[in-house]
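For reference, the chains in residue letters:
There are 2 protein chains.
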Amino acid sequence: MSSSSSSTAAPSPAIQSILPRLAAVRAHLAPPNPTTARNLASAALTSSTKPTSTINMAKDKVAIIGSGNWGSAIARIAGQNVVKHSDVFESSRVPLWVFEEMIDGKKLTDIINTTHINVKYLPDIPLSDNVVAIPDIAKAVEGATALVFVMPHQFLAKALDAIEGHVAPGAKAISLIKGVDVHGSDIHIFADVIEKRLGISCSALSGANIASEVALERFSETTVGYRKDKEDEGLLWQKLFETPKFRVQLIEDVDGVSLCGALKNVVAVAAGLSDGLGYGNNTKSAIMRIGLLETKNFCLEFFNDVKPETFLQESAGVADLITSCLGGRNRKTAEAFVTTGKPFDVLEREMLGGQKLQGIHTAMDVHNFLKARNRLGAYPLFDKVYHICWDGLAADTLTDGL
Amino acid sequence: MSSSSSSTAAPSPAIQSILPRLAAVRAHLAPPNPTTARNLASAALTSSTKPTSTINMAKDKVAIIGSGNWGSAIARIAGQNVVKHSDVFESSRVPLWVFEEMIDGKKLTDIINTTHINVKYLPDIPLSDNVVAIPDIAKAVEGATALVFVMPHQFLAKALDAIEGHVAPGAKAISLIKGVDVHGSDIHIFADVIEKRLGISCSALSGANIASEVALERFSETTVGYRKDKEDEGLLWQKLFETPKFRVQLIEDVDGVSLCGALKNVVAVAAGLSDGLGYGNNTKSAIMRIGLLETKNFCLEFFNDVKPETFLQESAGVADLITSCLGGRNRKTAEAFVTTGKPFDVLEREMLGGQKLQGIHTAMDVHNFLKARNRLGAYPLFDKVYHICWDGLAADTLTDGL
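Residue numbers (this note's numbering), protein chains in the order written: chain A, -18 to 383; chain B, -18 to 383.
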């Protein structure tokens, strides 16, 4: 196991400086029990020495593809749960694909494999020891039968290029990717893109999940949307992700779950504009209501198998929309757009370290799609966000015509 | 017209001190147009000199029963709209029942009728000149055909005692009252109580409406629920309340609209407890989702004519729940309950000037009702709020068993 062999070597000074913080954080997280990080190494060893681990060929091997803030938080849970459910999952090793970066002269993968902390994207919170950072994406997915895609959608095409041909027979995937894939009058969710490209079934997970709060084991909920008649896959993903503090609901609705995760970012931009304008809570909640309704109507109009109950009943629906409009980068950056008068590309550099603000890019994708379908008039809030963010329309026209 | 005759007398020193603030606020509100407060007096005069005002017997006469924060904000809109729609409403005079109080040695009704400001409950924001404060409730409703009930529900029974026998034939009412009327295993909304007692049809209005934001003409939405086959009444109330910045939606669902307005306060208490515990946005939005779902299930289980779409589509549903969980006294006081450790009766005195916190009292009503129906188990969040607020259960058990 690479993580345990690494941890016996003397840590570098950069890594040594992290260790006291790590110890403090470990002490603040849930007390040790058989599934917590402290005991994972021994639990994993016990599990891997069981005869069933070699005899039972049906065990799923998990790989996490992406290691940003959310990828790291999800890897932390998956690393714990494969041990808890070692009858179902190969538990000794959960490969985590990490886009290699140098941090203070050290490779990020080496830091993760030594300290078990993703110092760049989820500082202070330890991953399980069985989560192994791997810089080569093809190696990370080698032999994996349960692929978890969790990355900004801009990186997916390149990741799929590298993965194609390396996926095990009978594998299945789940997409935690936000956004929509628009080409002219065609629109696809990224679970469809993965499914089509790799020829494997792909579910979707989305919910009111600020990554750092999930990692700190604050009570949270999420939704897994599974494909028609594939509840067994939903149950597998539930097993991989559910904890007492991270509740996983299941619904047969990959489209609705995925689209909620994309479109709520557009609504969060609108909420941020409203905050920047100082409009108060009546206006903000009106915008959220209208945004939720446009989301529901959009899903039902353009996708066939969407379940109407996803929007009110599921965490992926109303709850994620609420979280995103209360906190989150889309709301915050849109607020700054109004209060500072700076354009979004400047704010992306200043506030997001150069990362793209998903809400405004999804607003553009949705605008282009609705324009191609000649349906802009039916979605006045989505359209208004587009024109304010991309077209120079004054922000204080936000509620006009809603 | 008592208001204009009063305004020609020299104002008292107490009132003179308000006038500069009033002028400043008037200047900040929407610019004068034929329906704004500045021009109401002349508009009202023009209207009342039209021959139609005496010939057309079908004109509705509005009375506002209650003059707290929300009552005053609604009276402000109604005073403007009766002028705008003087073909439908008697526009020269909108009686506003005011529970008489002494403010700096002056009667509150005299202050309102002189300055056109409810200095106690909606300071700084002028009412229309045609809104006339009246301390005698029977006189306030004399001849009125459109009765707007807007008061804490604790005062309703006494108000109805005084009104009974003074209501004009063919009158209709609308309830803006929050709460539920529970007796053992019976539950009623207050629109039903009004309807039964006065023998007149009663609609309901509820929505994401923080009174001060509505009064300041921030973009807001609300919902009017009207009785089965009585859309004409819904349209009348829409005419009385709708403005470009206060959008009134209609739905044939008095029960759902009323119950949302009551139960959201229980959810807001839960959200406040979560805030007090420092649980973050994932947890808070999970609580809001669960609360909205319990609200919907409660309405559908115990009331016959509730429309499922009220909860997601209407301002009275999801939007009001959001506003109440973001701001509002229920959230704030429940947060203080956790952070200060003080009991609610102390917090009601310290934070609410002795007024009752609706959410905890509705939680008790709902608990008693569900207990009588042996249905507590189906509403774990409502039940948890009751036990934490009234029964000494530790607040940090809030999310257990949800």
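It is worth saying that the hints were derived from the structure and are not from the lab. Treat the hints with care, as some may be off.
The calculated BS3-like cross-link candidates involving lysine-lysine, where the alpha carbons are at most 27 angstroms apart (straight line), are [as the list claims (entries may be wrong)]:
1. B:K337 x B:K288
2. A:K42 x A:K288
3. A:K337 x A:K177
4. B:K288 x A:K288
5. A:K313 x A:K211
6. B:K313 x A:K226
7. A:K88 x A:K65
8. A:K101 x A:K313
9. A:K211 x A:K101
10. A:K313 x B:K313
11. A:K313 x B:K226
12. A:K42 x A:K209
Distance windows between CB atoms, simulated [said to hold, decoys possible]:
13. A:T378 x B:K209: 36 to 42 angstroms
14. A:G358 x B:G373: 54 to 60 angstroms
15. A:D377 x B:Q336: 55 to 61 angstroms
16. B:N285 x A:G334: 37 to 43 angstroms
17. A:K88 x B:G358: 36 to 42 angstroms
18. B:K209 x A:P361: 45 to 51 angstroms
19. B:A119 x A:P225: 29 to 35 angstroms
20. B:R330 x A:G334: 36 to 42 angstroms
Just so you know, even glycine gets a beta-carbon here, dropped at the ideal spot from N, CA and C.
Comparing the hints with the structure gives:
no.	hint	in the structure
1	B:K337 x B:K288	30 angstroms, violated
2	A:K42 x A:K288	31 angstroms, violated
3	A:K337 x A:K177	26 angstroms, holds
4	B:K288 x A:K288	18 angstroms, holds
5	A:K313 x A:K211	38 angstroms, violated
6	B:K313 x A:K226	25 angstroms, holds
7	A:K88 x A:K65	30 angstroms, violated
8	A:K101 x A:K313	21 angstroms, holds
9	A:K211 x A:K101	36 angstroms, violated
10	A:K313 x B:K313	23 angstroms, holds
11	A:K313 x B:K226	25 angstroms, holds
12	A:K42 x A:K209	23 angstroms, holds
13	A:T378 x B:K209: 36 to 42 angstroms	39 angstroms, holds
14	A:G358 x B:G373: 54 to 60 angstroms	56 angstroms, holds
15	A:D377 x B:Q336: 55 to 61 angstroms	35 angstroms, violated
16	B:N285 x A:G334: 37 to 43 angstroms	56 angstroms, violated
17	A:K88 x B:G358: 36 to 42 angstroms	54 angstroms, violated
18	B:K209 x A:P361: 45 to 51 angstroms	31 angstroms, violated
19	B:A119 x A:P225: 29 to 35 angstroms	59 angstroms, violated
20	B:R330 x A:G334: 36 to 42 angstroms	49 angstroms, violated
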